[in-house]
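Here is what each chain is made of, one letter per residue.
Protein chains: 2
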Amino acid sequence: MAQVAQESATIGDSEFDRDTAVTLRDPHVPGVYEAQLCAGWTIISAVNGGYLLALIGRALGDALPHPDPFSVSAHYLSPSVPGPAVIRTETLRTGRTLSTGQASLFQYAEDGTEVERIRVLAAYGDLDALPDEVRTTAKPPTIPPYEHCLGPADGPAPAIPGSSAITDRLDIRLDPATVGWAVGAPSGKGEMRGWFGLADGRAADPLSLLLTVDALPPTSFELGLKGWTPTVELTTHVRCRPAPGPLRVAITTRNLAGGFLEEDAEVWDSADRLVAQSRQLAKAPLPRN
Amino acid sequence: MAQVAQESATIGDSEFDRDTAVTLRDPHVPGVYEAQLCAGWTIISAVNGGYLLALIGRALGDALPHPDPFSVSAHYLSPSVPGPAVIRTETLRTGRTLSTGQASLFQYAEDGTEVERIRVLAAYGDLDALPDEVRTTAKPPTIPPYEHCLGPADGPAPAIPGSSAITDRLDIRLDPATVGWAVGAPSGKGEMRGWFGLADGRAADPLSLLLTVDALPPTSFELGLKGWTPTVELTTHVRCRPAPGPLRVAITTRNLAGGFLEEDAEVWDSADRLVAQSRQLAKAPLPRN
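These protein sequences, in sequence, are chains A and B.
Take the first sequence: its letters are residues 1 to 289, numbered as in UniProt numbering.
Take the second sequence: its letters are residues 1 to 289, numbered as in UniProt numbering.
If you are wondering where the hints come from, they were derived from the structure by calculation, not from laboratory data.
Do not rely on the hints blindly, as some may be mistaken.
The list treats identical chains as one, so a pair stands whether inside a single copy or across any two.
[To be verified] Computed cross-link-like contacts, DSSO-like style, restricted to lysine-lysine with a CA-CA straight-line distance of at most 27 Å:
| no. | residue 1 | residue 2 |
| --- | --- | --- |
| 1 | Lys139 | Lys226 |
| 2 | Lys189 | Lys139 |
| 3 | Lys226 | Lys189 |
| 4 | Lys226 | Lys283 |
| 5 | Lys283 | Lys189 |
As the structure is a prediction and not an experimental result, all values here were calculated from the model.
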């Protein structure tokens, strides 16, 4: 990707790493972390749910004996806003292969009381300790070459309407077949596909995958629905440490019913490995006439 | 289904309802429930994870202001055994459309201390209050007629090896295309399909769907792997109240890698509605030579 060549941000020294930093509040109190929700990761006025997940994931990676998120289930309780937050973690189980933890991210009401934004249950392990055996029948999504896909600079913006901050931090190029919504001609299919990278060229890792699965525009746009699609619950499985290079993301919605829809995301790396799978249940925007 | 005609168990008065009953431990302490894990729902020696989920789901349905599970994320911490259990619930959020709760199921060590078996985060709503609009591209699975599918009585048992108790309570008929494993000839495809009903004819409801998604033999059998496939995490979305009549269940595994696999389950009702979707991350059995 062009920007990768130009930039030199690295894992540990990048916008994403700085903006997802967490610090132990009190060295004598394990598992409680201070964080700052950065305005740079907002969509319209809300903080992106994947960015929040990466932040919580970093806290859990510090609190648990295993380093990598294997399965992270997040329930979104109230919209997060830029500003200070506290993440409280709890270790539920410690095993040889996996450990399980819980985390809650809180912000503060005007009177200073804590307001919970997200609650997470997560199983952590060590991706590098897994056997190499791969027996997958899944196939990478068919996406045109990066240079043939469309980004915010390509006119009718595949950026989410009204948003800008997060798009400056991401290098997303959408498959032209899934950007009809941006020119008022949604395909009617519940599909969104594209290339994903961090704008400063920082390589992907298990933490950034938690952002990747929730970073593309919602499939509801291609289903002809405008407006906000709030996530109720999002579960992500990180299956493999991503190889260097751009990621391909394919999101599918098969069932829009009763005012809710699921979004299934697959993330593939440059070595054609399925590195993450996620599914979220989201509230569909009300159809507008 | 033949047995439905013979039996007359009803929702509220059935084996499933009796065995998933929960009672408030203390009328003055909301949200804490006593339960009995029944030996009738075991696979080999472990209590079935879907049965446990239904039990916890019943407790949450009582504790939360909304009646129906919409999204239930469960992390399995230690194997449950038949006997007494306590379920502790916590209400995290109460909204107009959805409320969110947490629940933990504990059993007791020999010294009486509580041992946590499962922790759950769940969003509850009211399925009957949802708009009727359905825009799904998902198609029901192609499964031969019930009478052409295979049950435990049909010789080479599609029952899970070594287990019997739970199979007496379920009326599962597997698609012959997915029972090769039972005669030592697994298809090599990560697929398991069949008809699902409760043996006493009790109709399906949102609670029993939590059992249905985890009741078929694991897809790993058809992938040629023998042995236990422990669930790490299982998330279920109930999308619609099931119509009366038998259910069709299709489970797919697309990625077996690094010793883990996902199992995606779809449950369809007699009205061709997609009533539940689930995904679990499970540990693959070690290949045997």
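Hint by hint, here is what the structure shows:
Taking CA atoms no more than 27 Å apart as the test, Lys139 paired with Lys226 passes between copies only; the shortest distance there is 25 Å, against 30 Å inside one copy. Taking identical chains as interchangeable, the C-alpha atoms of Lys189 and Lys139 lie at most 27 Å apart whether they share a chain (20 Å) or sit on different chains (14 Å). Taking the shortest Cα distances, Lys226 and Lys189 sit within 27 Å of each other inside one copy (14 Å), while across copies they are farther apart (39 Å). For the identical chains of this complex, Lys226 and Lys283 are intra-copy neighbours only, at 12 Å inside a copy versus 40 Å across copies, given an alpha-carbon limit of 27 Å.
When the C-alpha separation of Lys283 and Lys189 is checked against a cutoff of 27 Å, the pair qualifies only within one copy, where the shortest distance is 17 Å, while the shortest distance between copies is 34 Å.
Against the hints set out earlier in the document, no violation occurs for any number.
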